[in-house]
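There are 2 protein chains.
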Amino acid sequence: MNKLDETIAKIEGLDIKSMRLARERQDQLTKPKGSLGVLEELSIKMAGIQRKPLPEVNKKVIIVMAGDHGVAAEGVSAFPQEVTPQMVANFAAGGAGINVLARHAGAEVRIVDMGVASVVDIPGVIDKKIRPGTANMVEGPAMTREQAIASIEAGIEVAEAEIADGADLLGTGDMGIANTTASSAILTVFSGADLLHSVGRGTGIGAEALEIKREVITEAIRANQPDKRDGLDVLAKVGGLEIGGLAGVILGAAANGVAVLIDGFISGAAAMVAWSLCPESRSYMIASHVSVEPGHKLMLDELALKPMLFMNMRLGEGTGAALASSLVEASCKVLSEMATFAEAGVAEKSEDLSEKGAGI
Amino acid sequence: MNKLDETIAKIEGLDIKSMRLARERQDQLTKPKGSLGVLEELSIKMAGIQRKPLPEVNKKVIIVMAGDHGVAAEGVSAFPQEVTPQMVANFAAGGAGINVLARHAGAEVRIVDMGVASVVDIPGVIDKKIRPGTANMVEGPAMTREQAIASIEAGIEVAEAEIADGADLLGTGDMGIANTTASSAILTVFSGADLLHSVGRGTGIGAEALEIKREVITEAIRANQPDKRDGLDVLAKVGGLEIGGLAGVILGAAANGVAVLIDGFISGAAAMVAWSLCPESRSYMIASHVSVEPGHKLMLDELALKPMLFMNMRLGEGTGAALASSLVEASCKVLSEMATFAEAGVAEKSEDLSEKGAGI
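Each protein sequence line maps, in turn, to chains Z and D. Quick note on numbering: the numbering used here labels position 262 of the first sequence as 262, and the sequence is numbered without any gaps. Quick note on numbering: the numbering used here labels position 208 of the second sequence as 208, and the sequence is numbered without any gaps.
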């Protein structure tokens with residue numbers, strides 16, 4: 001059994017008993033039942049993931065994976081491919097959006113070279129390069145099936161190393177010129193969505209380039225015929241190295257009982273790959289924000305994940321995951337730190353005036 | 001001129017020059033233009049509010065105001081009135097939801113007795129009691145016009161004291177059994193909305209009590225005939241002491257060039273009162289979340305404010321404002337701390353592939 005299969009075999013359902021105990025405690029805290037909404041639900045999900053009734057978030061790590069895409073040659077991005085290594089250097093120097101937002105949230109950032117086209121020799125960047133960029137998916141598969149497996153296994157290794165080092169909440173992030181093209185292709189294959197809905201402007205291409213991007217994706221899917229029932233086939237044919245790596249981060253987190261925050265559109269594509277390989281992995285995913293990229297909402301609907309932040313963001317890098325990591329931490333603190341009705345000497349609800357039924 | 005009129009006279013439009021400089025800097029940061037969405041817009045708004053191109057958030061204070069409502073006698077809440085002072089004690093002891101979330105966000109909490117029905121003698125609670133609870137608005141005005149003015153002026157004083165003490169971001173919060181009834185009445189008067197849309201279950205009343213609540217509000221508006229063009233008349237006749245106080249906090253923040261985060265439904269009612277007294281005060285408001293209480297979305301639409309957090313919360317106390325305070329702080333850090341394209345040596349966009357037009 002390879003590392004990928006071993007990891008998938010380790011992924012269990014959430015711990016129902018811890019979730020029940022967390023729910024019972026939430027209902028004793030000094031607030032109307034259910035009135036903290038998603039914060040309550042998140043704390044209960046975290047209890048199920050961490051398999052303890054009082055989950056904690058003590059070390060948050062955002063894993064930003066970078067890779068290049070052969071399809072960039074088709075003119076599908078507003079930025080040149082040299083921006084991928086330049087932004088990796090910017091991450092390492094601490095000057096990018098993800099650095100600022102992770103510092104603000106008290107999260108650490110790991111930067112991983114999964115397949116930048118040029119040589120990356122920057123201190124602090126984890127080298128997991130599978131190959132220097134994918135092939136152009138219009139002309140054939142983006143990578144081989146073996147490389148797809150290797151990219152996922154590299155992601156699992158990164159997640160495992162962080163968890164071994166104490167991380168109890170992971171977040172995903174991405175960098176890679178043209179990676180909304182690969183992500184749109186993945187979404188289109190898995191969901192069958194019309195390209196009018198699954199393909200957007202990415203970093204900000206104009207109408208003409210958007211038309212080219214749709215044609216390129218149509219052609220890539222026609223040429224490669226990815227099998228939607230086989231996540232590895234989809235990843236290999238129309239995916240990306242950073243997308244495979246992030247799918248591995250998600251599977252590695254799930255296999256080790258750690259929650260993983262899904263950032264935006266590219267992370268969502270990785271989540272779809274992870275989900276297709278192991279449906280139970282979805283129980284460990286937490287959605288952060290909904291992106292401006294139109295396909296992102298479709299993706300979240302497919303995954304049945306509800307985002308918390310509506311901020312018209314579309315940067316990627318893990319910026320949405322960083323902001324949301326603070327909300328997950330808050331949910332655990334609410335559960336642990338709020339006083340109960342009994343502790344605070346606060347009167348409970350008059351039952352005769354109350355709404356009957358669940359959660360209120 | 002009384003303090004209220006003096007305060008309103010001090011409220012100016014935002015500083016356009018600082019906003020332009022902030023926008024110019026945002027467009028030089030290492031990200032596609034506009035890709036941090038609301039975080040970018042917030043930082044620019046903060047520049048206009050603080051009248052400097054690099055706004056800062058160094059001291060966040062959530063002001064939680066408590067008051068009782070005579071209309072509670074009509075059976076419009078699921079909780080007994082004694083809960084108001086019990087929760088004030090819980091706030092002072094640090095055990096309530098707002099305490100946990102403010103601590104998490106690095107914000108301080110101030111607790112103000114604007115009009116709790118019973119005697120509140122708790123260290124740390126600021127005493128601004130105008131009267132021990134409002135009168136039952138079904139039988140006549142909730143308070144006199146003089147008391148309405150006094151409640152707003154007390155709120156202005158609280159805001160001014162915090163700002164003098166270094167606060168550069170305020171948030172509003174509320175506690176008061178039956179205060180969704182007063183807030184729904186305020187919303188109904190100002191917006192003309194149907195009671196089916198402006199009245200909800202508050203802390204969780206059942207269908208029968210909800211019907212009573214709608215009848216009570218209908219009767220209170222019929223009996224008092226509040227004049228929607230006169231915010232003081234609306235506040236006096238169907239408002240609340242904590243609602244007046246929070247309107248004062250908003251006006252006091254605006255008059256002193258400080259942004260104020262609007263929490264949920266009760267804070268939204270206070271924002272409507274502040275807006276009716278001084279339309280320009282709206283420029284200083286930042287919406288935090290959208291509440292489960294159905295009228296809240298209506299209110300935000302009336303105020304043309306866009307919430308950032310969709311978390312199905314309905315607790316009040318300033319809990320949404322506390323969570324959002326971290327986002328406002330993040331927006332200022334993005335503007336100040338991110339590297340520019342020139343600093344980071346990152347290539348800019350290929351203009352020929354770009355979307356033409358504003359903000360992208």
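No wet-lab data here; the hints were simulated from the structure. From a predicted model like this one, the values you see are computed outputs, not experimental measurements. Some hints could be false.
Where chains are identical, the list cannot tell them apart; a pair therefore holds if satisfied intra-copy or between any two copies.
To be verified - No more than 27 Å apart at the CA atoms, straight line, and that leaves these computed lysine-lysine pairs for DSSO-like:
| no. | residue 1 | residue 2 |
| --- | --- | --- |
| 1 | Lys-3 | Lys-33 |
| 2 | Lys-333 | Lys-59 |
| 3 | Lys-297 | Lys-33 |
| 4 | Lys-33 | Lys-10 |
| 5 | Lys-52 | Lys-297 |
| 6 | Lys-297 | Lys-10 |
| 7 | Lys-228 | Lys-349 |
| 8 | Lys-228 | Lys-59 |
Going down the list of hints, with the structure as the test:
Taking the closest pair of Cα atoms, Lys-3 and Lys-33 never come within 27 Å of each other, the shortest separation being 43 Å inside a single copy and 41 Å across copies. In this homomeric assembly, Lys-333 and Lys-59 come within 27 Å of each other (Cα to Cα) both inside a single copy, at 14 Å, and across copies, at 21 Å. When the C-alpha separation of Lys-297 and Lys-33 is checked against a cutoff of 27 Å, the pair qualifies only between copies, where the shortest distance is 21 Å, while the shortest distance within a copy is 29 Å. Neither within a single protomer nor between protomers do Lys-33 and Lys-10 lie at most 27 Å apart by alpha-carbon distance, with minima of 35 Å and 42 Å respectively.
Within a single copy, Lys-52 and Lys-297 get their C-alpha atoms no closer than 32 Å, and across copies no closer than 36 Å, so neither meets the 27 Å cut-off. Proximity of Lys-297 to Lys-10 under the C-alpha cut-off of 27 Å is found in neither arrangement, the shortest distances being 30 Å within a copy and 44 Å between copies. For the identical chains of this complex, Lys-228 and Lys-349 are neighbours neither inside a copy (51 Å) nor across copies (34 Å), given an alpha-carbon limit of 27 Å. Proximity of Lys-228 and Lys-59 under a CA criterion of 27 Å is satisfied in neither setting, with 36 Å inside one chain copy and 51 Å between copies.
The structure shown violates the earlier hints numbered 1, 4, 5, 6, 7 and 8.
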